[in-house]
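These two chains come separately, so use the hints to put the complex back together.
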Amino acid sequence: MALLAAILLPGACDGPHSVLDPAGDQAAHLHGLLNLMLWVCGIMYALVLGFLAWALWRTIRRRDAAPPGPDESQRPLRIGLGAWAGLVVAGLILLSTASFLVDRSLAAAREHEALSIRITAHQWWWRVAYRDPASGEWIETANELYLPAGRTARLELVAEDVIHSFWVPNLSGKLDVIPGRTNLLDITPRRVGWYRGNCAEFCGLQHTLMALDVRVAPPEEFSAWLAAQAASASQPSDPVLARGQDLFVNGTCAACHVVRGTPADGRSGPDLTHVGTRRSIAGGALPMNRGNLQGWFLNPEALKPGTLMPAVVLPSQEADALARYLEWLK
Amino acid sequence: MQQAELASEEARVAAIWRDKPGLWGFLTTVDHKRIAARYIVTTLALLIVAGILALDMRLQLSQPGMERMGPQRYNEAFSLHGSTMLFLVSVPVMEAMALWLVPLMLGQRNMAYPRLAAYSYWLYLGGVLMLWVPHALDVTPDLGWFEYPPLSGPTYSPGHRADIWAQMITFTEVAALAASVNVVATILKLRPPGMTLARMPLFLWAMLVTSLMTMLALPAVMLATSLLIADRLVGTQFFSPNAGGDVLLFQHLFWFFGHPEVYIIFIPAVGFISAIVETFSRRPLFGYTVQVLALISIGLLAFGLWVHHMFAVGLPRLGASFYTAASMAIALPVGLQIFCWIATIGSGRPRYDTPLLWIIGFIVTFVLGGLSGVMTASAPLDLQLTDTYFVVAHLHYVLVGGAMFPLFAALTYWYPKATGRMLSEWWGKVSFWLIFAGFNIGFFPMHILGLMGMPRRIYTYEEWTGWGTLNLVASGGVLIASAGASILVANALFSLRGGRRAGADPWGGSTLEWDCASPPPPHNFPATPVVESRTPLWRQEHAQAVMTGLSLKRREVLITSPGEAVPEYRQYSPGPSIWPLLSAIATGILFVGSIFTPWALVWGSIPVAVALIGWFWPRPVKEEPR
Chain G
1 MALLAAILLP GACDGPHSVL DPAGDQAAHL HGLLNLMLWV CGIMYALVLG FLAWALWRTI
61 RRRDAAPPGP DESQRPLRIG LGAWAGLVVA GLILLSTASF LVDRSLAAAR EHEALSIRIT
121 AHQWWWRVAY RDPASGEWIE TANELYLPAG RTARLELVAE DVIHSFWVPN LSGKLDVIPG
181 RTNLLDITPR RVGWYRGNCA EFCGLQHTLM ALDVRVAPPE EFSAWLAAQA ASASQPSDPV
241 LARGQDLFVN GTCAACHVVR GTPADGRSGP DLTHVGTRRS IAGGALPMNR GNLQGWFLNP
301 EALKPGTLMP AVVLPSQEAD ALARYLEWLK
Chain S
1 MQQAELASEE ARVAAIWRDK PGLWGFLTTV DHKRIAARYI VTTLALLIVA GILALDMRLQ
61 LSQPGMERMG PQRYNEAFSL HGSTMLFLVS VPVMEAMALW LVPLMLGQRN MAYPRLAAYS
121 YWLYLGGVLM LWVPHALDVT PDLGWFEYPP LSGPTYSPGH RADIWAQMIT FTEVAALAAS
181 VNVVATILKL RPPGMTLARM PLFLWAMLVT SLMTMLALPA VMLATSLLIA DRLVGTQFFS
241 PNAGGDVLLF QHLFWFFGHP EVYIIFIPAV GFISAIVETF SRRPLFGYTV QVLALISIGL
301 LAFGLWVHHM FAVGLPRLGA SFYTAASMAI ALPVGLQIFC WIATIGSGRP RYDTPLLWII
361 GFIVTFVLGG LSGVMTASAP LDLQLTDTYF VVAHLHYVLV GGAMFPLFAA LTYWYPKATG
421 RMLSEWWGKV SFWLIFAGFN IGFFPMHILG LMGMPRRIYT YEEWTGWGTL NLVASGGVLI
481 ASAGASILVA NALFSLRGGR RAGADPWGGS TLEWDCASPP PPHNFPATPV VESRTPLWRQ
541 EHAQAVMTGL SLKRREVLIT SPGEAVPEYR QYSPGPSIWP LLSAIATGIL FVGSIFTPWA
601 LVWGSIPVAV ALIGWFWPRP VKEEPR
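Chains as they are written, first to last, in this note's numbering: chain G, 1 to 330; chain S, 1 to 626.
Looking at chain S on its own, in the form it has when it is part of the complex (with noise of 0.2 angstroms):
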């Protein structure tokens, strides 16, 4: 063809991709990377929000006896931080990226269901707001991000304070089993042809593998919240003791869930950690097959090990000494991860820009944290560590050292590809030294002062126990840290505008988003690009082969087999619409309902069936005549 004509081919596949301008465009698109960049600018402004929080207890921590804040604040502000992280940052922001990045490393131009994408992120939004709004009218959840019965049960905590957070995490829930059906979904059947499961990126194989468990470990914390909101909204008594409930269920069921969610977490962050090593060492990965199984080892063992939380509420030895072995052994596939890095790195010609430091700083912490890890998995010695500054020391290496670093290097990998814009390099590297050396000032006493005795979620100390210095200290860090942080917001928004223009492939990236333009148009690719091998941008004789056929009509994407990547079919692909915010203001106007009365369970199904019915109202398609 010629290029008066493929031109003219690609314009007329970005007219019938483009959302209509103004704010009707933006509250009925479904841009898989339009909605990916509302949700990960919500879940960046909640982390800071979350993180000054954060700020606040160390404050009050700092210095033994201190006043600024009394118990009540204290555990308002623990709570919030610990339940906006977890639940409103973390898994979120990581669906977030896949939302935005898995169609552009497919070469596709959207995803499997682009409706339920908007879906997903108005009803975390409406999540977000569910805990943020009673937040500012003063009713703020004040039992810590697990809320064990009967604490939480209506005898001690009248109000609705525990509903309130029981409520944002069926939000929160409902969203990311929206977003992980679609991710399943768009891995498996929307591959370029060629893109066997043995030539996917490893960032997919994470994205598959968290989305499987994020939809089998989600359903057992909202269970264990909705027969909680039950005993406490109709009097069912699931975890009363008196009356023949069990406390411990509620235990089982949260953990159930819980530990599988810090790997939810992780796992795209060894995505992230793949994608980036392999670019910036520009070599292949080493040890793709390894990196494979171990993502898939982790995903199984993760649900055989949630009573590793629970060592101390008594349980039979013997049966703790099984979840002992089942813990450790996430030790092994993780470090032969470590080790396929280090040697991708260590074999390639690696080039050290920031991204590639965050990740250098991902293995020195992460690696400190898997290690306390493997103390805190250990049953007897559990019972020293859990409950104190050891675990809080542990679990923030591995969630800021192993999830938040390699969330900042895929952040700072791929704003060029987002905004076409490069963010200033020196400026990067300022803040990760900062934010670096402040996070492991900060957090790396707290696993002395563990050993010391300090419990956890104390809002103060006497002077006698020790624990001054080392909390003056910890602080000091965080406060660096936040200082790094300050300056990595900064440098983002400056570059917006101020940053020197990207181009397409600034790096020389080996997958496929960096064959599109950056940012991307709102149809991706002008075609479907076919794949060779693993790393199809570093092909070296001919140029991308794609393959046409796609309408110019409609919107399709290209449909193929899920092993193989043979194509199979067209698919049309739906386009904007209202439906998706009405069906989940419906969903949330019966979710926040239902604090109040049982009642709203049936009123409030009624405009969700009439939001859904209108979402999947049939229309007349076009048929195109080929």
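Next up, chain G with everything else stripped away, as it sits in the complex (with noise of 0.2 angstroms):
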């Protein structure tokens, strides 16, 4: 019952990675599903609850009554396991039937609207991959998805690695990410606003911080979003940035990042050619600004143990050309 209060009240347990504010169709029509089941199996435990009590009330109470006769009449008794049973395979049938139609109901996006996403799952961050729609080139970021609102986007699972689970709770159920499959999840988004998304199944050492952070646009800041990531980088005129471009791709960071636009175009890592305009950096670890950036590439160990990422050791001056110029890649 307090579950059940909990979860009907309105706002108590909202936010941008919560089951309870489905804010995409397929989110709410399992957030209608849950709120059936809670009805119904509440009632069942308030009757198995109420039944107990009966047991116990009339027990207690007759304590020092005689003991019952052997032929003391069981019908009454026979009576209700009968109803009880039928009550009980009643709401199985319920159930099960408005399970399978809430089922058929994911399935049901139209699929030549959709837009078409690739996500490839790494020990421990996403890569995100668009179709530019111009060139019909692959664009790449990392640990950050947008999608427009109102439409409903396919996402290609694929895992480099081990096994992950793609899940956004407030757009939709999970889905895990396999080695050698490729899985389809259908989300359509209908509210705009920032939601969280986080790997769900056991990954190694770092399964805690592998997430990603998903933004609904309206269209109109999606399309431009889009054609910003399509984008190169440019070259910086700053000779700090300049020194920090420098840095990044002759040391050893291009060995696994690629900053489009640049001679840097390392694969094994995410690509960073507009890292400065993403929310998050380090799998969803760290909040986007220039000390974590310096921090987390300094001593990545310290804020993620058990990352792959190695540490890049420099001097002050240069560690802080370097941030300047990821936190300037816009």
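Hints are computed from structural coordinates only; laboratory data are not their basis.
Take the hints with a grain of salt, since some may be wrong.
To be verified - What the simulated footprint calls covered on chain G by chain S, stretch by stretch (three residues with Cβ under 8 angstroms from a Cβ of chain S suffice, anywhere in the stretch; the number is not a length):
| hint | region |
| --- | --- |
| 1 | 47-53 |
| 2 | 74-84 |
| 3 | 160-171 |
| 4 | 199-207 |
| 5 | 212-220 |
| 6 | 246-258 |
Said to hold, decoys possible - For the chain S half of the interface with chain G, some residues (derived, Cβ under 8 angstroms), not all of them:
| hint | residue |
| --- | --- |
| 7 | Thr28 |
| 8 | Leu143 |
| 9 | Gly314 |
| 10 | Ser321 |
| 11 | Met375 |
| 12 | Leu381 |
As the list claims (entries may be wrong) - Derived contacts from chain S toward chain G, CB cut-off under 7 angstroms, selection only:
| hint | residue |
| --- | --- |
| 13 | Pro71 |
| 14 | Leu151 |
| 15 | Gly244 |
| 16 | Val247 |
| 17 | Ala312 |
| 18 | Ile345 |
| 19 | Gly346 |
| 20 | Ala379 |
| 21 | Pro380 |
| 22 | Gly453 |
Every residue gets a Cβ at the ideal spot worked out from N, C-alpha and C, and that includes glycine.
As structure tokens, then:
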């Protein structure tokens, strides 16, 4: 009952990472199913507790009464048992049918309108890739997913290493990301805002800090964002930024990271072409700002123990230049 | 016969069933009560240790951003907690209870295969050492209680942590198979005359179903872990997609075992509950036939719903719907059982002693867990619930509420029989209320946390999530439950010497075990009881009918027919032997060695063969002239 109250109370458990605050069609269907389940199960639980209370009240009240004779009628109990069986079966049929119908609705997205996005799960971050509507090229980003409100997005989920699970509770249920398979997840977001996703299948040491930010944007904002992401990075004119770029391109960073428009083309880590536009860094571990950027590449182990990102050893002035450059990559 | 003659006969029987004193007697015993006692004590010790791990994790999660543990320590803690609780506590403790209770409830002197019981324990102990000795050496499995490849494969888990987990399973599963075969044979062939299948106490029905399920389910997980070890040891590619393997094969095999396992833990608890409800309600159980049919249908359905652990892997939707329906269907037999127990209490003259309190606590807690199970059984809704704290709450409600509460009830109920002393009723009630309240305060909030988006297996979380308050409440609840558990343990220890003497039948029990002395002598019963009803001790008019004729010179048990329990013949029952221990050691060497080299399977089989030949070497049997 307390559960029922907590969940049906509007606003009690809202947030950017909550099943109870749906912002898309799929999550809304599931939320409706959840409410139905809570009512049916709540009523059944109340019946069991009521029956138990009856048994306790009855026997405690007549504790010293004479023992029941061997032939005391069991007829009422038998009828009760039959009725109870019927009630359970009816409840189960109701819930299975509702469950089946919701399952159908999750699969009912219109394919031809869908926006196709490929998401690749890595230990412990997400690679996100869009098709450029103009050129047909892939546009990559990491740990950040932009979705246009009101349009179905079809996510192709692939895993680079181990099994992960893609889960943005406000938008949809989770779907595992499995090596050797491509799983498809349709999401139809409705409410503009920032949401949060997290890996939901234990995937090794840093399973905890494998998050992604999800922006449900008005269609115009989405198009503008995608166009900006498609662009390559420009050349910095400021000497400090140029120094930062030099450190990036000719240092260890370029071994794993891409900045399109520069010679840095490592593929094993996230694409950093527009890292400065992102909301967070390190797989959602830290908010995006220059201090965190610097702390992150100087000592990643301290901020996200177990991360595969190696520490970059730099004197403080150069570290500052590198951090400024990364922040500038908008 | 005269009293004196009877007494001297019993003294002779006692002499042939008695173990040798001292360490040798300890190592060679095949007395089912001694084996079961060490089994139970080992599992309870592990329950405490793995419980402390849980407490440690609860402290880490009590507030956002705590730094008691890093990710490595936390991952080790939940892996060790889950693996211990599932493989080394819940399943074995139920088998142990069966080893202790089944012969007593049957009025028999031992299990059908006494040495196999000893072997089962030693092998189980090997599994315990397999997990906990490496933990002491800081080589702890760190991938949870189900270690999915490719994460547990050679590429992503170098070293031996995953091997240790896999071989621990092999140990415990062989032990469980040995115990189950033994229980099935004992229940089917060693029933006392007159105890037809239709008169069998429900606990025996429960153990029969459980043991058959164990025999069908465990080979699947042994196959899964053996394939994993082969992938890791000799480079087979069962689970590597790049070489044509399939990572989901492991999940199918694991859960084909993993789901029945839940019922392998729960069904024995159903047996405890039926026994306790009957005794304390002081009336025969309402709906015996319904209960038996429910047990059997749970046993069958349990094999048809493993896929509900895999709804999120992206299966075809129509197939998933089938498993949804099958999973929900199990609510029907369980619902009927709950009805029958409440009906028995309500129409009886119950005495509300601690064991029955535990059962009432069970009903309140377990039904909630069953209903959250109905929710997770829905394929679409499960996509929001699986791998979150909702599932953590659900599984603890069904395993702690559904199996541990009945286990505590059973331990308090049969404690006087095992020790000859009563537990303190007052402290028993205190520990019940603390554990019951603490558990619900601790785990109920986790349902809400899961719906608020908290994934399971995370070692920390940030403040903005809003999970801090409920996590603090949860940790507080677990602390309260721990206090109750400490009182429970202290009560058991102090009552061992200080408890009131129990006598043979302190509760007015209905089944045969209450007819022998407390604690039972090595031979359990002076003569084989003859059974005339489902509640043989609640006869009104005459004393217990018995059947004599078993040998006074050697260990013998009576074999009866499986259906009607008609006496068939007397069977020699093997005496104490060191060979089960030596066989277990040889088997253990093979298992441990095969982590390091495939040749261990070849050379390790030689000592196993030697030990088994020693075990089965024919000995001249003193035939008894009659």
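Hints versus structure:
| no. | hint | in the structure |
| --- | --- | --- |
| 1 | 47-53 | holds (count 4) |
| 2 | 74-84 | holds (count 5) |
| 3 | 160-171 | holds (count 6) |
| 4 | 199-207 | holds (count 9) |
| 5 | 212-220 | violated (count 0) |
| 6 | 246-258 | violated (count 0) |
| 7 | Thr28 | violated, 44 angstroms |
| 8 | Leu143 | holds, 7 angstroms |
| 9 | Gly314 | holds, 4 angstroms |
| 10 | Ser321 | holds, 5 angstroms |
| 11 | Met375 | holds, 5 angstroms |
| 12 | Leu381 | holds, 5 angstroms |
| 13 | Pro71 | holds, 5 angstroms |
| 14 | Leu151 | holds, 4 angstroms |
| 15 | Gly244 | violated, 9 angstroms |
| 16 | Val247 | holds, 6 angstroms |
| 17 | Ala312 | holds, 5 angstroms |
| 18 | Ile345 | holds, 5 angstroms |
| 19 | Gly346 | holds, 3 angstroms |
| 20 | Ala379 | holds, 6 angstroms |
| 21 | Pro380 | holds, 4 angstroms |
| 22 | Gly453 | holds, 4 angstroms |
In summary, the numbered hints that this structure violates are 5, 6, 7 and 15.
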